[in-house]
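Trainee: If you're matching them up, the sequences are chains C and R in order. Numbering (my numbering) for the first sequence: 1 to 144. Numbering (my numbering) for the second sequence: 1 to 432.
None of these hints come from the bench; they were simulated from the model. Heads up, some of the hints might be wrong.
With a cut-off of at most 25 Å between alpha-carbon atoms, the simulated DMTMM-like pairs for lysine to aspartate or glutamate come out as follows [stated by the list, open to error]:
{"hint": "1", "chain 1": "R", "residue 1": "409", "chain 2": "C", "residue 2": "120"}
{"hint": "2", "chain 1": "R", "residue 1": "399", "chain 2": "C", "residue 2": "41"}
{"hint": "3", "chain 1": "R", "residue 1": "414", "chain 2": "C", "residue 2": "120"}
{"hint": "4", "chain 1": "R", "residue 1": "409", "chain 2": "C", "residue 2": "98"}
{"hint": "5", "chain 1": "C", "residue 1": "88", "chain 2": "C", "residue 2": "119"}
{"hint": "6", "chain 1": "R", "residue 1": "414", "chain 2": "C", "residue 2": "119"}
{"hint": "7", "chain 1": "R", "residue 1": "386", "chain 2": "C", "residue 2": "139"}
{"hint": "8", "chain 1": "R", "residue 1": "27", "chain 2": "R", "residue 2": "44"}
{"hint": "9", "chain 1": "R", "residue 1": "414", "chain 2": "C", "residue 2": "38"}
{"hint": "10", "chain 1": "R", "residue 1": "409", "chain 2": "C", "residue 2": "61"}
{"hint": "11", "chain 1": "R", "residue 1": "392", "chain 2": "C", "residue 2": "19"}
One-letter residues, chain by chain:
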Amino acid sequence: MTVHQISVFLENRAGQLSEITQVLAANAIDMRAISIAETSDYGVLRLIVDQPQKATTLLLEHGFILSMTPVTVVAVPDQPGGLAPVLKLLADANIDIEYMYSLFTHTDGKAYMVFRVSDDESFSGTLKSHGIEPVGTEELGIQA
Amino acid sequence: MERYYQPEIECASREQILAWQNERLVKQVRHVWDSVPYYRKKMEEKGVTPDDIQSVADLHKLPFLTKDDLRDAYPYGLMGRPLKDCVRIQSTSGTTGRRVVAFYTQHDIDLWEDCCARAIVAAGGTNEDVCHVCYGYGLFTGGPGLNGGSHKVGCLTLPMSSGNTDRQLQFMVDLESTILCCTPSYAAFLAESIHERGLRDKIKLKAGIFGAEAWSEEMRQDIQNKLGIKAYDIYGLTETSGPGVAFECSEQTGMHINEDHFIAEIIDPNTGEVLPEGSKGELVFTSITKEAFPLLRYRTRDICVLTREKCSCGRTHVKMSKPMGRSDDMLIVKGVNVFPSQIETVLLEQGYPANYQIIVDRVNNSDTLEVMVEMTPENFSDNLGKITEMEKGLVAALKAMLGIYAKVKLVAPKTIARSEGKAIRVIDKRKI
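Construct the complete structure from the given sequences, taking the supplied hints into account.
Mentor: And the structure:
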């Protein structure tokens, strides 16, 4: 079970990020997570929003270069050591993490982590075999 | 006192020089007609035969050769001698990626080295000198040319080649180099390094011979002051031999063209018409002594002015000004010829759009080359590492094509101005 992440190419130039957030704001799109990976010259913005299809269409219309990427969201206890067991599972199963970041949302003592891994299926299988269910779009209030 | 390597040639009367040129031109045209079918065809198309060329005054009747011809005839199509007579090639980058390859017989190399020797002696060189050559060696003509000239003069020659500044400075100090041969930007860089390391009192340099790229009078003053030397310009191109086609004397007001080997003309780059002395136009060379690669009326694309005014140094050969620009889009970056079309070829090969911009600048007296390329949906990835890897691939492909490092800057789409009329492909920020 994966969630749509929007990945956007960002040139390191003043105003690029601002333009994106303005487009989203003007269309009442709610951001659930944001992460940026960058070099000195450019970066990749990663977004989880409540209306991924709509956001994608809008950003493309504004001339941005982007792609939709499947990511896995895992709920972990919002307490010290909460993330450690999940990472241990990944390590034991020899699954590489390309990158990870967290959602803004916290509910019922849970924090949500976003994972982009080398192998979604085996990650999902590993989680399930240890009684952990990846979080679906519904729980996060994200339109499929 | 001015010294000369070949005084009987360098200070010959104008009549004598013209007599040599007339005799050698007639012979060369006949030789080319007989042995270079490519050029013979051009002559036939223009309705010219060797009989039409009786003296330099008839030179204008001959067809031009351009870099495109060198590309078409690549690699062996313009050779004037069979392979068994040739002993060397030198090479430089050409348009759309095809290299220029020039051939030499032993005699050609001998005459080329004479020309370089004239430049070294004009800069005050003698067999007492230690000549430090940090032009690149290999396919580039700079190193081999000055190296050979230095041998002819009898200098102790240091074949340093380019780069490795620590080693350059160590040899310069330990072996007490007196003449420095390199690009002006590298000379400026070395001068900075010498200052930073407090080596100014430990170096024994007295003169420098700097060429292969454009440099200003201000840069000359700067290098001269920092190193306490006299800095001389030198000019040449692979197509005609290499450095030493023309060189500066003590007057430092232009470069004497070695007219016993090359006939120089200035033409209007648009019409091809020969312009009178003193006019600014495109420099055209006819090699009258070259055996293996005898180019007639080769268009250099360099814009300059010729003058035959009497020179205080005593040399009688015509002087050319520093090139003031180009009549094509070739850039000279770090002494290396760069054509925008080469960069375009690489971009397309690597799956990038042909919408790009080249930015050339000079930072701390060293040229920089940056290529701005727009990101495309196909090349984009959510994984930064993949983008970086692709960028590295592009940098490597550019390096392979151009021979020098170009920084790649990936920019957002529609960032680079689309052409409204003529696209601005090159921004040269250098103040030369």
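Trainee: All the hints need checking, so say for each whether the structure fits it.
Mentor: Quick rundown of the hints versus the structure:
1. Straight-line distance between C-alpha atoms of residue 409 of chain R and residue 120 of chain C comes to about 32 Å, which puts the hinted pair past the 25 Å bound.
2. Of the pairs offered as hints, the one joining residue 399 of chain R and residue 41 of chain C holds, with about 20 Å between alpha carbons and a cut-off of 25 Å not exceeded.
3. At roughly 34 Å between alpha-carbon atoms, residue 414 of chain R and residue 120 of chain C are farther apart than 25 Å, so this suggested pair is violated.
4. Annotation: proposed proximity of residue 409 of chain R to residue 98 of chain C holds, straight-line Cα distance about 24 Å (limit 25 Å).
5. With a C-alpha separation of about 16 Å, the suggested pair residue 88 of chain C and residue 119 of chain C falls inside the 25 Å cut-off, and the hint holds.
6. A C-alpha spacing of about 35 Å is found between residue 414 of chain R and residue 119 of chain C, which places the hinted pair above 25 Å, so the restraint is violated.
7. Proximity of residue 386 of chain R to residue 139 of chain C is assessed by CA-CA distance (about 32 Å); at most 25 Å being required, the pair is judged violated.
8. For the proposed pair residue 27 of chain R and residue 44 of chain R, the alpha carbon gap of about 18 Å is at most 25 Å, so the pair holds.
9. The suggested pairing of residue 414 of chain R with residue 38 of chain C holds, with an alpha-carbon distance near 20 Å, which does not exceed 25 Å.
10. Of the pairs offered as hints, the one joining residue 409 of chain R and residue 61 of chain C holds, with about 24 Å between alpha carbons and a cut-off of 25 Å not exceeded.
11. A threshold of 25 Å between alpha carbons decides the hint, and for residue 392 of chain R with residue 19 of chain C the separation of about 29 Å lies outside it, so the pair is violated.
When each numbered hint is compared with the structure, violations occur for hints 1, 3, 6, 7, 11.
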